[in-house]
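K.L.:
Protein chains in written order, with the working numbering: chain A, 1 to 335; chain B, 336 to 596; chain C, 597 to 895.
Source of the hints: derived by calculation from the structure; they are not laboratory data.
Note that beta-carbon positions come from the ideal geometry of N, C-alpha and C, so glycine has one too.
There may be inaccurate statements among the hints.
What the hints assert, rightly or not - Ranges between beta-carbon positions, derived for each pair:
#, chain 1, residue 1, chain 2, residue 2, range
1, C, 760, B, 354, 31 to 39 Å
2, B, 427, A, 156, 49 to 57 Å
3, B, 452, C, 776, 33 to 41 Å
4, A, 128, C, 864, 29 to 37 Å
5, C, 759, A, 48, 23 to 31 Å
6, A, 128, B, 452, 15 to 23 Å
7, B, 354, A, 254, 38 to 46 Å
To be verified - If you want a taste of the chain C side facing chain A, the calculated C-beta under 7 Å gives, among others:
#, residue
8, 699
9, 745
10, 749
11, 876
Read off the chains here:
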Amino acid sequence: MADTHSLFFGDQDGLKTPWQILGFALLVLLLMGASALIENNVNPYVQRIIVNCGIGIILGLSLNLVNGCAGQFSLGHAGFMAVGAYVSAYLTTVLMPFGAFFQSDLGVGTAVVAGGLAAGLSGYVVGLPSLRLRGDYLAIVTLGFGEIIRIVFLNISAVGGPRGLPGIPLASNFFWVYLWAIVTFAIIYRLIHSSAGRAILSIREDEISSQSMGVDVSHYKVVAFVISAFFAGVAGGLFAHYQGFIDPNTFNFNRSVEVVIMVVIGGMGSLSGAVIGAVLVTMLPELLRFFAEYRMVIFSGLLVLVMLLRPMGIFGRHEIWEASWFANLKRKPKP
Amino acid sequence: MSASSAKEVLKLNDVSVSFGGLKAVSQFGISLHESELCGLIGPNGAGKTTVFNLITGVYLPDSGTMDLDGQNLCGLPPHEITKAGIARTFQNIRLYKELTVLENVLVSYHMRKPYGYVDALLRTRQYYAKEHELKEHALRLLSVVGLKNNPDDFAGSLSYGDQRRLEIARALATSPKVLLLDEPGAGLNSGEKVELMKVVSKIRDQFKVTILVIEHDMKFVMGICERILVLDHGELIAEGTPKQIQSNPKVIEAYLGVADA
Amino acid sequence: MQALIQNLVNGLAQGSVYALVALGYTMVYGVLQFINFAHAEIFMLGAFGGIFVAGWLTNGEGSFLSLVLVTFGAMAFCTGVGLAVERIAYRPLRHAPRLNVLITAIGVSLLLQNLGILVFGADPRVFPAVIPTHALFDSQNLVITNIQVLVIGTSAALMLGLHWLVRHTKLGMAMRAVSFDIETASLMGIPIDRIIAFTFAIGSALAGCAAVLYGLTYPKVDPLMGVIIGLKAFVAAVFGGIGSFVGAALGGLLMGLAETLVVYYVSSSFRDALAFGLLIVILLVKPTGLFGSMAKEKV
Numbered sequence: 001m002a003d004t005h006s007l008f009f010g011d012q013d014g015l016k017t018p019w020q021i022l023g024f025a026l027l028v029l030l031l032m033g034a035s036a037l038i039e040n041n042v043n044p045y046v047q048r049i050i051v052n053c054g055i056g057i058i059l060g061l062s063l064n065l066v067n068g069c070a071g072q073f074s075l076g077h078a079g080f081m082a083v084g085a086y087v088s089a090y091l092t093t094v095l096m097p098f099g100a101f102f103q104s105d106l107g108v109g110t111a112v113v114a115g116g117l118a119a120g121l122s123g124y125v126v127g128l129p130s131l132r133l134r135g136d137y138l139a140i141v142t143l144g145f146g147e148i149i150r151i152v153f154l155n156i157s158a159v160g161g162p163r164g165l166p167g168i169p170l171a172s173n174f175f176w177v178y179l180w181a182i183v184t185f186a187i188i189y190r191l192i193h194s195s196a197g198r199a200i201l202s203i204r205e206d207e208i209s210s211q212s213m214g215v216d217v218s219h220y221k222v223v224a225f226v227i228s229a230f231f232a233g234v235a236g237g238l239f240a241h242y243q244g245f246i247d248p249n250t251f252n253f254n255r256s257v258e259v260v261i262m263v264v265i266g267g268m269g270s271l272s273g274a275v276i277g278a279v280l281v282t283m284l285p286e287l288l289r290f291f292a293e294y295r296m297v298i299f300s301g302l303l304v305l306v307m308l309l310r311p312m313g314i315f316g317r318h319e320i321w322e323a324s325w326f327a328n329l330k331r332k333p334k335p
Numbered sequence: 336m337s338a339s340s341a342k343e344v345l346k347l348n349d350v351s352v353s354f355g356g357l358k359a360v361s362q363f364g365i366s367l368h369e370s371e372l373c374g375l376i377g378p379n380g381a382g383k384t385t386v387f388n389l390i391t392g393v394y395l396p397d398s399g400t401m402d403l404d405g406q407n408l409c410g411l412p413p414h415e416i417t418k419a420g421i422a423r424t425f426q427n428i429r430l431y432k433e434l435t436v437l438e439n440v441l442v443s444y445h446m447r448k449p450y451g452y453v454d455a456l457l458r459t460r461q462y463y464a465k466e467h468e469l470k471e472h473a474l475r476l477l478s479v480v481g482l483k484n485n486p487d488d489f490a491g492s493l494s495y496g497d498q499r500r501l502e503i504a505r506a507l508a509t510s511p512k513v514l515l516l517d518e519p520g521a522g523l524n525s526g527e528k529v530e531l532m533k534v535v536s537k538i539r540d541q542f543k544v545t546i547l548v549i550e551h552d553m554k555f556v557m558g559i560c561e562r563i564l565v566l567d568h569g570e571l572i573a574e575g576t577p578k579q580i581q582s583n584p585k586v587i588e589a590y591l592g593v594a595d596a
Numbered sequence: 597m598q599a600l601i602q603n604l605v606n607g608l609a610q611g612s613v614y615a616l617v618a619l620g621y622t623m624v625y626g627v628l629q630f631i632n633f634a635h636a637e638i639f640m641l642g643a644f645g646g647i648f649v650a651g652w653l654t655n656g657e658g659s660f661l662s663l664v665l666v667t668f669g670a671m672a673f674c675t676g677v678g679l680a681v682e683r684i685a686y687r688p689l690r691h692a693p694r695l696n697v698l699i700t701a702i703g704v705s706l707l708l709q710n711l712g713i714l715v716f717g718a719d720p721r722v723f724p725a726v727i728p729t730h731a732l733f734d735s736q737n738l739v740i741t742n743i744q745v746l747v748i749g750t751s752a753a754l755m756l757g758l759h760w761l762v763r764h765t766k767l768g769m770a771m772r773a774v775s776f777d778i779e780t781a782s783l784m785g786i787p788i789d790r791i792i793a794f795t796f797a798i799g800s801a802l803a804g805c806a807a808v809l810y811g812l813t814y815p816k817v818d819p820l821m822g823v824i825i826g827l828k829a830f831v832a833a834v835f836g837g838i839g840s841f842v843g844a845a846l847g848g849l850l851m852g853l854a855e856t857l858v859v860y861y862v863s864s865s866f867r868d869a870l871a872f873g874l875l876i877v878i879l880l881v882k883p884t885g886l887f888g889s890m891a892k893e894k895v
């Protein structure tokens with residue numbers, strides 16, 4: 001039957017379209033069930049953590065496409081998240097003429113997608129400099145773009161400026177967040193395991209030979225940035241409609257770093273690694289709640305330690321189900 | 336040689352480039368014919384790799400013309416030149432080390448856009464059919480260069496000689512009209528070199544591709560090339576059959592220096 | 597006219613501090629080709645070091661001697677931290693991919709920030725007026741204080757000293773050799789590790805001095821103060837051409853001038869956005885900056 005593995009990863013012959021649709025429907029049903037179960041039986045505090053994990057997963061997966069797969073170091077992910085959050089929240093909260101529509105689930109969904117598209121557009125703008133810059137320089141420029149986006153929102157009074165934007169309809173929940181997380185995973189996984197995805201990976205491996213083998217390097221760098229920014233924007237939209245309130249400071253540099261840590265801990269280029277990294281990074285502060293003041297110290301210390309002791313992250317570039325990652329654990333990082 | 340009767344494929348005219356006042360290549364001109372196997376030799380620093388970098392668009396020539404089957408190549412970005420039909424290998428191996436051997440070859444098919452994003456995301460029949468077809472084709476190429484045994488190993492884990500072969504397979508996968516090999520024999524032992532000579536000749540015969548090869552090993556060049564070009568200080572100083580080159584005084588001078596210098 | 601001169605003096609004083617910090621970025625980039633994000637936090641720690649030394653000097657006020665002690669104390673403290681960071685976090689990664697070094701640098705920067713919050717508290721402290729401010733020149737629209745003269749003078753002296761060190765000493769020659777080609781330098785018998793440590797030490801000491809000078813001008817000190825100063829100094833270094841000493845010094849001064857002029861003639865809300873905007877423009881238009889050169893990858 002339509003087991004989830006072949007649904008997303010495909011087997012030798014592939015699943016026929018009707019089965020894919022059926023599998024997807026089944027998954028939605030499953031999620032609805034889980035959603036009902038969690039909403040009725042789990043205390044709100046834990047629920048909140050679970051949903052935040054889901055948002056983290058979308059962020060981690062999307063950043064992984066640029067940082068882990070395309071090998072471009074972006075430090076401005078919070079900026080894309082901010083664009084998605086503000087655009088979608090603006091649609092559902094401020095834009096009155098369509099008020100009724102944007103209060104519905106469908107409306108919020110549309111707003112979230114619109115936020116994603118706006119973020120994708122900003123990803124295009126940020127992706128352009130990546131054509132000329134690499135490494136540290138690119139990191140700094142993306143950091144700069146992220147901060148500039150934040151400063152721009154700080155100065156737009158229509159969305160509250162520094163006071164923030166309150167009263168956003170609380171429309172996103174476990175179901176929507178995890179549906180998007182699964183969609184994000186499936187899309188990025190399938191992209192990476194396609195011809196275009198191999199082109200993106202080849203850029204990470206060696207840009208010069210990549211272009212010499214006919215890959216339009218500039219094009220695929222921008223593609224990676226746009227897709228990555230789109231999902232970051234979606235995560236932002238979901239976040240806004242879960243919190244009910246956003247302000248520019250929510251999307252500061254620390255948020256970008258948090259997402260980078262997710263990807264780094266999980267292993268750059270490993271999708272399942274990014275998922276686990278996202279869960280760890282979201283849970284850790286909660287687990288360290290009793291040492292609240294040590295939290296950020298432990299966090300940043302952890303980042304340094306991971307880099308020193310296990311520079312390729314937990315899973316390296318492999319997925320959990322790829323047996324070789326286990327052997328990889330024992331392999332010393334090559335100088 | 337019947338070279339003159341065959342169709343002209345790649346033609347360079349008066350190509351020059353200089354870096355910071357230093358003329359790296361000056362007024363270089365060649366014309367390669369269909370399925371010709373041609374060698375490019377010269378002392379270290381003669382500008383051989385620079386010629387490759389000019390042809391493949393890594394460097395832009397200061398002057399001169401380059402065309403492939405009548406299509407102008409000057410000013411095209413490297414990936415467009417590859418699409419036009421020129422592929423290369425690198426002197427300092429540049430594989431995608433953390434991709435598998437098979438994936439290294441598969442990347443080269445991408446420029447022909449085997450299927451679109453929708454096929455990839457929905458995993459349509461087209462996706463599976465094309466992926467299957469590409470893999471088959473890649474495996475065939477791998478077996479031509481003698482690498483069919485472990486397509487799923489990481490490229491970085493291959494032995495040096497195998498890495499050089501994989502570079503050739505990867506370049507071939509772009510279906511080039513002209514294949515540029517930059518010191519394919521460097522670092523190989525004599526046994527491996529003999530193997531490589533066979534592979535290179537076989538590729539030329541089987542794919543009817545024009546090959547221009549840079550190589551220091553004279554046995555290699557003299558053994559398989561029909562025609563040899565000699566470059567020194569960025570200038571073409573001799574051109575001819577292996578026999579003619581061997582007895583050309585200018586070539587001997589370039590390599591050994593003038594007798595009383 | 598007087599307003600312009602006033603702005604130029606203010607900008608020059610501000611720019612001197614940026615220049616000193618920018619030199620630290622540029623020196624480390626020169627030898628190791630990576631951006632030492634933690635440099636901004638070294639600067640921050642220098643300000644705290646200065647506060648503590650001033651505290652120990654009982655009343656901590658008035659004399660020129662106490663200023664010297666505070667400055668040297670801060671510089672020594674920064675040097676120690678800089679060396680420790682290099683030894684613990686960066687040296688083990690000398691041969692690791694650059695991305696890992698970059699992430700580590702960000703990690704160290706965050707770690708020092710948060711350790712700062714933990715140890716010093718998040719609330720700002722006041723940097724003691726080790727020597728009281730008084731005007732050296734005062735007409736109706738133009739005031740030049742002794743602090744401004746001190747800042748500009750000290751920075752100029754330090755930069756000249758650094759120039760001499762790099763150009764005319766054996767140590768400086770070794771530093772230049774390492775930044776030119778680390779492998780070859782090590783084959784020539786240059787003790788790479790020691791030279792790199794020395795580079796960190798110098799850069800950190802400059803940051804420590806800059807922190808004291810900054811504290812005398814703007815006495816508000818908090819654990820996150822390094823972020824924005826560090827960023828501006830970094831932009832200055834990139835503007836001048838990262839890796840170039842003259843570039844960093846000039847970039848710092850120009851950055852300070854530009855900022856002062858923009859705040860005065862345009863709007864103070866652009867004070868911080870200016871640095872980012874400038875950075876992006878530089879990197880898009882001329883990534884090598886004024887005096888830098890970027891190595892082209894050999895094919």
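K.L.:
All hints, please: hold or fail.
P.N.:
So, going through the hints one by one against the coordinates:
no. : hint                          : result
1   : 760(C) <-> 354(B): 31 to 39 Å : 34 Å, holds
2   : 427(B) <-> 156(A): 49 to 57 Å : 51 Å, holds
3   : 452(B) <-> 776(C): 33 to 41 Å : 46 Å, violated
4   : 128(A) <-> 864(C): 29 to 37 Å : 30 Å, holds
5   : 759(C) <-> 48(A): 23 to 31 Å  : 57 Å, violated
6   : 128(A) <-> 452(B): 15 to 23 Å : 21 Å, holds
7   : 354(B) <-> 254(A): 38 to 46 Å : 45 Å, holds
8   : 699                           : 6 Å, holds
9   : 745                           : 34 Å, violated
10  : 749                           : 32 Å, violated
11  : 876                           : 5 Å, holds
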